[in-house]
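Student: Sequence:
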Amino acid sequence: MDNVEDAGDDAAESEDAEEFDVEEALSEVGFDAEESVLTRRQAEVLVLRERGVRQSRIASMLGTSRANVSSVESSARRNVEKARETVAFAEALTAPVQVSVDVGTDLYDVPKKVYDACDEAGVKVNRTAPELMKIVSDAAGDAIQGREVRESLLVGVTTGGRVQVRRSAE
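Taking our numbering, I'd label the letters of the sequence shown as residues 22 to 191.
Since the hints were made in silico from the structure, they are not lab data.
Check each hint, because a few of them may be wrong.
Unchecked claim - Straight-line Cα separation of at most 20 Å, PhoX-like style, residue types lysine-lysine; simulated pairs: (1) Lys145 to Lys134; (2) Lys134 to Lys103; (3) Lys155 to Lys133; (4) Lys145 to Lys133; (5) Lys145 to Lys155.
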């Protein structure tokens with residue numbers, strides 16, 4: 022019975038994919054090949070994958086192999102991640118508040134350092150101390166163990182009060 026349902030799902034997906042207008046979807050999200058870090062093919066694959074179309078179906082639609090679609094998708098996702106990292110780096114460079122958090126620092130000491138730096142710079146951070154500790158801890162990942170900072174961090178606060186956390190490359 023499951024196989025019959027799966028076959029029906031595949032047929033429905035194929036019909037949906039055939040009716041899906043990739044050009045229109047790219048236009049709706051504002052894709053501009055001249056301004057994007059993605060190639061047009063990468064954007065096409067991502068838009069179809071985000072709409073739930075399987076790689077094998079995309080391969081059929083684009084006249085290529087599933088392995089090629091997989092490779093294009095992987096490259097596209099790496100490019101998106103690199104673009105995000107580049108934006109985060111650029112924002113960190115321009116943040117008016119930048120607080121270095123050294124190895125061995127207690128996570129509970131971080132909010133005071135950030136608040137003091139924000140006061141000096143005239144920047145308002147709309148986060149309570151527990152919220153700030155959670156943001157830092159979540160963003161730092163395994164750079165914090167328990168309450169101890171195990172890798173140097175840079176905590177930035179934008180003029181709008183957005184908190185950014187980056188591992189320092191020392």
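Student: Look at each hint and say if it fits the structure.
Tutor: Quick rundown of the hints versus the structure:
no.: 1; hint: Lys145 to Lys134; verdict: holds, 14 Å
no.: 2; hint: Lys134 to Lys103; verdict: violated, 30 Å
no.: 3; hint: Lys155 to Lys133; verdict: holds, 14 Å
no.: 4; hint: Lys145 to Lys133; verdict: holds, 13 Å
no.: 5; hint: Lys145 to Lys155; verdict: holds, 18 Å
Hint 2 from the list above is the single one not met by this structure.
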